[in-house]
Amino acid sequence: MSLYVDLAVFLAAGLAFPLAAVLVSKLFRRDYPDPVKEIAYESGVLPIGDARVRYHIHYYIFALIFLVFDVESLFLFPWAVVFRDLAPVLALVEAIVFIALLVVGLVYAWKRRVLTWI
Amino acid sequence: MPPAWAAPYVAPWVWTVVLALVKLVVVVAFVLLNATVLIWLERKVSGHMQNRVGPLRVGGPAGLLQSFADILKLLSKEDYAPRRGDRWMWALAPSVAFAPALLVFFVLPFGPHLVVQDLNVGLVFVTAVTSFTLLAIFMAGWGSDDKYSLIGAMRAGAQLFSYEIPMAMALVAVALATGTLDLVALVERQRAMWLIVPQFLAFLVFYVSSIAELNRTPFDLAEAESELVAGYHTEYSGLRWAIFFLAEYTNLLSSSILGALVFLGGWNGPWLPGWAWVIVKAYALIFVAMWIRWTLPRVRIDQLMDLGWKFLLPVSLVNIAVTGLWVAVRG
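Chains A and B are the protein sequences, given in the same order. Mapping to the numbering used here: the first sequence position 10 is 10, numbers consecutive. Mapping to the numbering used here: the second sequence position 95 is 1095, numbers consecutive.
Chain A with its partners taken away, still in its complex shape (with noise of 0.2 Å):
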């Protein structure tokens, strides 16, 4: 129970703290609007068109292998942990294949030259 309250008070205060603060430095600060200063900043020059464009494909790439290895973590984490309860040879091999099987992937994806960033 104290856990989940303690947990609700950090996050909250985490999240509140920042406007808080934004809030507070009302008290210290003048602002001068200005149409010219909401304009995003490109060293000077007058922005043409929307930042939001397409971008690389790599970003998607590298953020499908991220997914397949941080699964991978999450599931080696409780192995890790009950490893010396269970049969240490047995456990051992199966994790590694487990691991291999990945592995093999990875490697796939760097013969590929899917790894190497243009």
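Hints listed in this document are in silico derivations from the structure and should not be mistaken for laboratory results. Since the model is a prediction, treat every value here as computed from it, not as a measurement. There could be a bad hint or two in this list.
Straight line, CA to CA, 25 Å or less: simulated SDA-like cross-link-like pairs of lysine to any residue [stated by the list, open to error]:
no. : chain 1 : residue 1 : chain 2 : residue 2
1   : B       : 1310      : A       : 108
2   : B       : 1310      : B       : 1293
3   : B       : 1023      : A       : 5
4   : A       : 37        : A       : 47
5   : A       : 26        : A       : 15
6   : B       : 1073      : A       : 43
7   : B       : 1073      : B       : 1033
8   : B       : 1044      : B       : 1063
9   : B       : 1044      : B       : 1075
10  : A       : 26        : B       : 1293
11  : B       : 1023      : B       : 1272
12  : B       : 1310      : A       : 103
13  : B       : 1044      : B       : 1072
14  : A       : 111       : B       : 1300
15  : A       : 26        : B       : 1044
16  : B       : 1077      : A       : 46
17  : A       : 37        : B       : 1075
18  : B       : 1310      : A       : 19
19  : B       : 1077      : A       : 34
20  : B       : 1077      : A       : 27
Once you have looked at the hints, place chain B on chain A.
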């Protein structure tokens, strides 16, 4: 549950909430104080490494009050928003950056009982919470509608998730070697020998990845000043920018404390009280991070991705296999 002397006066739920608030105030005070000290330290260390003296004039011995002067300055700065951006995302990004930075301290212990909540999955909690930083950076970059911001955010995205994997894998090896994810138990198991000795490879992977996760030089591509102005926080000013800065230094502090706890034996040490050892060890790691900042030049993005995927990830996977073999043989 309230203790016996308070039980007649307060309801249990009131006691729980008050206790939570007290913990919160202590942690926030600790975080703010340390962030202030860290900013001062960073400037002093940078100064001395470049044969300068760093801040001196503002006040106090060795310019100790410089950070406070900076806070006052930032408080009085004008606040304005990019017109065309996604206003809500832009405004909420600092909150999303700061909340996980604070939440990490939820599980970081400074002694056997000196901890907000001793979770039995503390290590996973830390890795899970810190990955939210990426969300904040991306919200800032997307919400700003600034080309520099979005390029910085895209780079930060690629970088942060590339280094999260080796970091998690290094911590899997740690869990394998100690058989626990509970940070208190983890430190207690290092009574005889610090974990950095048997798990030196994991420590190296962890430390390099944590520097990359913190966006610090040599991995500061997300805010490379010479190419991207300020990266994802180009469109932030005053206190909103200061919150990003605060979150960054809080993350530096928390990941150094995590390194001290997991690899450097936490509160195990002679003479000093336990919590002081944690802080001393954490500051030693912070000093090395600052030292690296002034030693190595910024890497290119292809070198960055190569280091993460083609070196640190295979190394950490091999480390898991070797650690497993070692544990299996020793029983």
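Results for each hint:
Proposed proximity of residue 1310 of chain B and residue 108 of chain A is supported: the alpha carbons are some 12 Å apart, at most 25 Å. A C-alpha spacing of about 23 Å is found between residue 1310 of chain B and residue 1293 of chain B, which places the hinted pair at or below 25 Å, so the restraint holds. Between the alpha carbons of residue 1023 of chain B and residue 5 of chain A the distance comes to roughly 11 Å, so the proposed pair stays at or under 25 Å and holds. This hinted pair checks out: residue 37 of chain A and residue 47 of chain A have alpha carbons roughly 13 Å apart, not beyond 25 Å.
Taken as a hint, the residue 26 of chain A and residue 15 of chain A pair is honoured in the structure, with Cα atoms around 19 Å apart against an allowance of 25 Å. A C-alpha spacing of about 24 Å is found between residue 1073 of chain B and residue 43 of chain A, which places the hinted pair at or below 25 Å, so the restraint holds. Distance check on the hinted pair: residue 1073 of chain B and residue 1033 of chain B sit about 17 Å apart at the alpha-carbon level, within 25 Å; holds. This hinted pair checks out: residue 1044 of chain B and residue 1063 of chain B have alpha carbons roughly 9 Å apart, not beyond 25 Å.
Straight-line distance between C-alpha atoms of residue 1044 of chain B and residue 1075 of chain B comes to about 23 Å, which keeps the hinted pair within the 25 Å bound. Simply put, residue 26 of chain A and residue 1293 of chain B have alpha-carbon atoms about 35 Å apart, too far for the 25 Å limit, and the pair is violated. Proposed proximity of residue 1023 of chain B and residue 1272 of chain B is supported: the alpha carbons are some 24 Å apart, at most 25 Å. For the hint linking residue 1310 of chain B to residue 103 of chain A, the alpha-carbon distance of about 11 Å falls within 25 Å, and the restraint holds.
Distance restraint check for residue 1044 of chain B and residue 1072 of chain B: the Cα-Cα separation of roughly 20 Å lies within the 25 Å cut-off, and the hinted pair is therefore satisfied. Between the alpha carbons of residue 111 of chain A and residue 1300 of chain B the distance comes to roughly 21 Å, so the proposed pair stays at or under 25 Å and holds. For the given pair, residue 26 of chain A sits about 31 Å from residue 1044 of chain B by alpha-carbon distance, which is inconsistent with the 25 Å threshold. Distance hint between residue 1077 of chain B and residue 46 of chain A is fulfilled; the C-alpha atoms sit about 24 Å from each other, no more than 25 Å.
Only pairs whose Cα atoms come within 25 Å are accepted, and residue 37 of chain A paired with residue 1075 of chain B is accepted, the gap being roughly 19 Å. Simply put, residue 1310 of chain B and residue 19 of chain A have alpha-carbon atoms about 41 Å apart, too far for the 25 Å limit, and the pair is violated. The hinted pair formed by residue 1077 of chain B and residue 34 of chain A meets the criterion: a straight-line CA distance of about 15 Å does not exceed 25 Å. In summary, the hint linking residue 1077 of chain B to residue 27 of chain A is supported, as the alpha carbons are separated by about 11 Å, within the 25 Å threshold.
This entry does not satisfy hints 10, 15 and 18, going by the numbered hints stated previously.
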